[in-house]
Structure formats: structure tokens, C-alpha cells
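2 protein chains.
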Amino acid sequence: MKEMTKQFLEAAFAGESMAHMKYSIFAEEAEKKGLKKLAKLFKAIAYAEFVHARNHFKVLRKLSENMSDNVQTCIDGETFEIEEMYPVYKNAAGFQDEKEAVRSTHFALEAEKIHAEMYKKAKELVEKGEDYSADKIYICPVCGYTVEDDVPESCPVCGASKDIFVEF
Amino acid sequence: MKEMTKQFLEAAFAGESMAHMKYSIFAEEAEKKGLKKLAKLFKAIAYAEFVHARNHFKVLRKLSENMSDNVQTCIDGETFEIEEMYPVYKNAAGFQDEKEAVRSTHFALEAEKIHAEMYKKAKELVEKGEDYSADKIYICPVCGYTVEDDVPESCPVCGASKDIFVEF
Ligand SMILES: [Fe+2]
Ligand SMILES: [Fe+2]
Ligand SMILES: [Fe+2]
Ligand SMILES: [Fe+2]
Ligand SMILES: [Fe+2]
Ligand SMILES: [Fe+2]
Numbered sequence: 000m001k002e003m004t005k006q007f008l009e010a011a012f013a014g015e016s017m018a019h020m021k022y023s024i025f026a027e028e029a030e031k032k033g034l035k036k037l038a039k040l041f042k043a044i045a046y047a048e049f050v051h052a053r054n055h056f057k058v059l060r061k062l063s064e065n066m067s068d069n070v071q072t073c074i075d076g077e078t079f080e081i082e083e084m085y086p087v088y089k090n091a092a093g094f095q096d097e098k099e100a101v102r103s104t105h106f107a108l109e110a111e112k113i114h115a116e117m118y119k120k121a122k123e124l125v126e127k128g129e130d131y132s133a134d135k136i137y138i139c140p141v142c143g144y145t146v147e148d149d150v151p152e153s154c155p156v157c158g159a160s161k162d163i164f165v166e167f
Numbered sequence: 000m001k002e003m004t005k006q007f008l009e010a011a012f013a014g015e016s017m018a019h020m021k022y023s024i025f026a027e028e029a030e031k032k033g034l035k036k037l038a039k040l041f042k043a044i045a046y047a048e049f050v051h052a053r054n055h056f057k058v059l060r061k062l063s064e065n066m067s068d069n070v071q072t073c074i075d076g077e078t079f080e081i082e083e084m085y086p087v088y089k090n091a092a093g094f095q096d097e098k099e100a101v102r103s104t105h106f107a108l109e110a111e112k113i114h115a116e117m118y119k120k121a122k123e124l125v126e127k128g129e130d131y132s133a134d135k136i137y138i139c140p141v142c143g144y145t146v147e148d149d150v151p152e153s154c155p156v157c158g159a160s161k162d163i164f165v166e167f
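First to last, the sequence lines map onto chains Z and W. Anchor point for the first sequence: position 126 equals 125 in numbering that gives the first Met the number 0, and the numbering is continuous, going up by one each time. Anchor point for the second sequence: position 69 equals 68 in numbering that gives the first Met the number 0, and the numbering is continuous, going up by one each time.
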């Protein structure tokens with residue numbers, strides 16, 4: 000693919016991903032305010048943006064037939080976030096005395112460390128022709144802390160109660 | 000908020016949104032290949048990235064208590080895509096003879112036109128203290144074409160059959 004078209008599609012993928020995310024956040028807020036049909040509108044259009052992002056992603060040849068390659072993409076992304084991106088952002092937020100930004104980057108950094116390990120395990124299994132190992136995965140809805148099989152009484156990263164963890 | 004911290008959080012929001020999107024696409028692929036637990040891992044971690052993105056979004060004060068402001072954000076984004084971004088990207092892809100990129104940008108452009116109109120209607124209703132008007136919204140899973148209440152026999156943008164439309 001020509002380089003300029005590639006750059007444009009990558010920007011479009013970023014734009015669609017952020018639109019999808021914003022609409023999903025707004026859907027949750029509309030739901031909280033009892034605006035059920037507005038929440039549905041946000042969710043439906045968020046799905047349309049998912050379709051657009053997936054189309055661009057495929058044209059960019061970023062979806063591999065080989066599932067191990069897809070998992071490697073995840074490992075690479077998480078590793079960059081752990082080793083460089085979030086440590087630098089968190090450090091800068093602390094240096095500028097922006098407490099809320101220190102908190103939101105700290106929460107992300109802690110979860111990404113776990114994600115990288117899970118994806119590494121997933122890659123080993125996929126390469127042996129096996130499915131992933133955990134039956135249940137739980138996510139803290141406050142900080143994104145991620146844990147398999149058993150939920151602790153309270154979140155080790157943010158202290159949220161076990162009751163509000165989201166089960167997958 | 001300090002400008003540099005703001006720029007970093009905006010980059011982190013983009014990164015989390017793209018990670019969420021990639022993992023959601025990979026989840027679908029894992030499902031197709033019968034890797035149910037791997038699909039669950041992708042979905043769970045995609046949700047953790049949603050939590051991270053939502054945290055950064057709130058720290059950036061981009062989530063308004065006033066739902067009309069949130070809908071206006073959507074109108075602004077869709078309008079930019081319709082009036083500038085997608086026409087330019089589609090034109091460039093055609094100029095570089097990249098047929099698949101012409102197709103994926105054309106599909107997005109056509110849907111965004113509909114999204115902008117729906118959000119404008121939503122804004123009027125929200126400002127009158129009312130919920131959105133449509134009971135059902137349908138999305139074409141091939142191109143993202145979006146329609147209320149009644150699905151046409153085939154998608155007017157990509158020709159996909161009525162049967163595969165996703166209902167919200
Ligand atoms: Fe879109
Ligand atoms: Fe992650
Ligand atoms: Fe937590
Ligand atoms: Fe994250
Ligand atoms: Fe849109
Ligand atoms: Fe379509």
C-alpha cells in the first residue's frame with residue numbers, strides 16, 4: 000500500500016476508535032440519567048464506528064490469519080505502555096503536580112503489567128494449538144485491575160470492593 | 000490542567016481507545032476460530048482498556064454533566080469527518096489508486112452523514128428534556144450504514160442483506 004494512504008487509514012483507525020470509545024462512555028451516562036433510547040443511539044452508533052475501524056484495520060493488513068501474530072501485537076503494545084509510555088506520563092504528571100493524572104496513569108500502568116503476562120501465557124498456549132487457560136476473568140471497573148478465577152476481597156490497586164468487579 | 004499533562008492524557012486516551020478496538024476485533028476472530036477462552040480474554044482486557052480510557056477522559060473534563068454538551072461533541076466529530084476528513088482521505092486513496100482504501104473510507108463517509116443527522120435530532124430532544132425518538136436502530140455489519148425502525152431489503156451503501164443487520 001502507498002505510504003500516504005497507509006498514514007491516512009491509520010489516522011482514520013485512531014479516529015474511529017476514539018469515536019467508538021466516546022460514544023460508549025456517553026451511552027453509560029445516558030443510561031445513568033434514565034435516557035434509555037439515547038443510550039441505545041450511542042451504543043448503536045458506537046457499533047457502526049467499530050465496523051469502520053475494523054474495515055480500515057483489515058485494509059491495513061493488521062488482522063492476521065495466524066492468531067499467534069495477533070496476540071504478539073497485544074504483547075508489543077502492552078510492553079511499550081509498561082516500559083515507556085505510562086512510566087513517562089505518570090512521572091510527568093507528578094512533576095507537574097497533577098494528582099488526578101498521576102492516579103489515572105498509575106491505575107493503567109498496574110493493569111497493563113498483568114495484561115502483558117496474560118497475553119504471554121495466551122501466546123504459548125495458542126502456539127501449542129490450545130485455547131486460553133482461565134475460565135473466568137474479573138475486571139475492576141474503577142481502575143481496570145485484571146484477575147483470573149478468584150476475586151480478592153478488595154482491589155489491590157484502588158481498594159474497590161469485590162462486589163463491583165465485572166465478570167467475563 | 001497543565002498543557003503537557005493534558006497532551007499526554009489525550010495521547011493515552013487515543014492509545015487506550017485503539018487497544019480496546021484491536022482487542023475487540025481479535026475477540027471476534029478468536030470466536031470464529033472456536034477459541035472461546037481466548038475470545039473471553041480479549042473481551043475482558045478490552046473492557047479494562049475502556050476503564051482506563053474513561054478515567055483519562057474524566058480527568059480531561061471531557062465528560063459533561065449536561066447531556067446536550069456531550070451530544071454536541073458527537074455532532075462536531077461527525078461534521079469534521081463528513082466535511083473534511085473522509086472526503087480528503089477518500090480522494091487521496093483514489094488519487095493513489097488504492098481501491099480497498101477508497102471502499103473503506105466511502106463506507107465510513109456515508110454512515111457519518113446519517114450519524115450527524117441523528118445526533119442533531121437527539122440534541123433537540125435532549126434540550127426539550129426528552130429521550131431519543133427511535134425504538135430500534137439497525138447497523139449494517141459490513142459498512143456501518145445506520146437506519147431507524149425499518150431495515151431495507153438490502154443495504155443501500157454496500158448491498159448487504161437485511162438478515163445480517165445488527166439490531167439495537
Ligand atoms: Fe465512523
Ligand atoms: Fe492493557
Ligand atoms: Fe481497582
Ligand atoms: Fe490500558
Ligand atoms: Fe459516525
Ligand atoms: Fe452496508
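Any given hint could be a false lead.
Since copy identity is lost for identical chains, a pair holds within one copy or between any two.
As the list claims (entries may be wrong) - In silico lysine-lysine, DSBU-like type, Cα no more than 30 Å apart, as pairs:
#1 120 - 31
#2 119 - 135
#3 161 - 39
#4 57 - 32
#5 119 - 98
#6 35 - 61
#7 61 - 135
#8 119 - 31
#9 57 - 161
#10 127 - 5
#11 161 - 42
#12 98 - 127
#13 161 - 1
#14 57 - 35
#15 161 - 120
It is worth saying that the hints were derived from the structure and are not from the lab.
Tested hints:
no., hint, verdict
1, 120 - 31, "between (37 Å within a copy, 21 Å between copies)"
2, 119 - 135, "within (18 Å within a copy, 41 Å between copies)"
3, 161 - 39, "both (29 Å within a copy, 20 Å between copies)"
4, 57 - 32, "between (37 Å within a copy, 17 Å between copies)"
5, 119 - 98, "neither (32 Å within a copy, 36 Å between copies)"
6, 35 - 61, "between (35 Å within a copy, 21 Å between copies)"
7, 61 - 135, "within (28 Å within a copy, 33 Å between copies)"
8, 119 - 31, "between (37 Å within a copy, 21 Å between copies)"
9, 57 - 161, "between (38 Å within a copy, 23 Å between copies)"
10, 127 - 5, "neither (34 Å within a copy, 44 Å between copies)"
11, 161 - 42, "both (27 Å within a copy, 20 Å between copies)"
12, 98 - 127, "neither (45 Å within a copy, 38 Å between copies)"
13, 161 - 1, "neither (50 Å within a copy, 35 Å between copies)"
14, 57 - 35, "between (33 Å within a copy, 22 Å between copies)"
15, 161 - 120, "within (25 Å within a copy, 40 Å between copies)"
The structure fails to meet hints 5, 10, 12 and 13 from the earlier list, while all remaining hints are met.
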